[in-house]
Amino acid sequence: MTVTTVGFWTVAVVLLASSLGVVLSPNLFHSVLFLAAALVATGAMFLLLHSPFLFGVQLLLYAGGVVVLVVFAIMLTERIVGQRIRQASHGLVNGLIVSAAVFVGVIGFLVQAGPLTAGPTAAAPPAAGDMTVALARTLLGPYAVPFELLGVLLVAAMLGALYFARED
Amino acid sequence: MPALNAYLVVAALVFAIGLFGVLTRRNAVGILLGIELMLNAVNINLVAFARLHGDPVGLLFALFTIAITVAEVAVGLAVVIVIFRVRRTIDADRLDLLRG
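Going down the list, the protein sequences come from chains H and Y. Taken in order, the first sequence gives residues 52 to 219; the numbers are from this note's numbering. Taken in order, the second sequence gives residues 1052 to 1151; the numbers are from this note's numbering.
These are calculated hints, taken from the structure and not from any lab test. Heads up, a few of these hints could be off.
Unchecked claim - Label-pair distances were calculated between CB atoms; the ranges are:
(1) H/VAL54 with Y/ASP1147: 47 to 57 Å
(2) Y/LEU1146 with H/HIS81: 22 to 32 Å
(3) H/LEU111 with Y/ARG1150: 32 to 42 Å
(4) Y/ARG1077 with H/ALA68: 16 to 26 Å
(5) Y/ILE1119 with H/THR61: 24 to 34 Å
(6) H/ASP181 with Y/VAL1133: 40 to 50 Å
From the three backbone atoms N, C-alpha and C, an ideal C-beta is built for every residue, glycine too.
If we strip away everything but chain H, and leave its shape as in the complex, we get (with noise of 0.2 Å):
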């Protein structure tokens, strides 16, 4: 038991805890609260997998952005005052069936794969410490045109939204 299994086993039983709250606490604000809690257990998954860059941008986007997004969406469309903020689930049977046996059907797959090593496609041998630098110039070099047509997803996005909350 070395430290970081210590810590995976911890962050994931965070993790899953906090996703079970999203789906099932009965007040959405709550639920926005666990979401808040499983992104940033996600950011720690991925500093255990040692992509510190990762858990940055997973920090400031997610738990910084799109948490506070999701609370004012909520502000502007819930009667904060009173029991209107509950909300109901139903047909929890069925959900219960499809996802487990979406489940059932991954854990399929890993189980016909085996063990899981480096195959023969794998460009470098594992790299060991931090792959900032590579990710930045792979970034950068060959996926440069999808880097900025990301730029262009984002204005269109950002427009969008902008013409969808206009006043009228």
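Chain H is fixed; fit chain Y onto it per the hints.
Chain Y in isolation, oriented as in the chain H frame:
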């Protein structure tokens, strides 16, 4: 570092939980939260495989997924707010204008 399979199993569990949320929540914001969880599970997979192969393209895809998700959430929530303005509800069961 725990075996890659541990990350994949955790990611599959989170994905299934998110799918459960999408299928059972009736509030449109709740459905969006479930989609967030599913996308996060995919990101864990991408980063884990990038680590396994030592290939930064996996990290790149995770980065792209994060950026696209943020755009999706912004537009999705804008749509939810517009629907609320028009119909005074965001209960997905009562948004059935397109049902034949």
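Do the hints match the structure? See the list:
1. Roughly 53 Å separates the CB atoms of H/VAL54 and Y/ASP1147, a value that falls within the hinted 47 to 57 Å.
2. Remark: the range hint 22 to 32 Å for Y/LEU1146 to H/HIS81 is upheld by a beta-carbon distance near 24 Å.
3. Distance hint check: the CB atoms of H/LEU111 and Y/ARG1150 are about 40 Å apart, consistent with the given range 32 to 42 Å.
4. Between Y/ARG1077 and H/ALA68 the C-beta distance comes to about 23 Å, which sits within the given range of 16 to 26 Å.
5. For the hinted restraint 24 to 34 Å between Y/ILE1119 and H/THR61, the CB-CB distance of approximately 30 Å keeps it satisfied.
6. At roughly 43 Å, the beta-carbon separation of H/ASP181 and Y/VAL1133 lies within the given 40 to 50 Å, and the hint holds.
Figure legend: structure checked against the earlier numbered hints; every hint is met.
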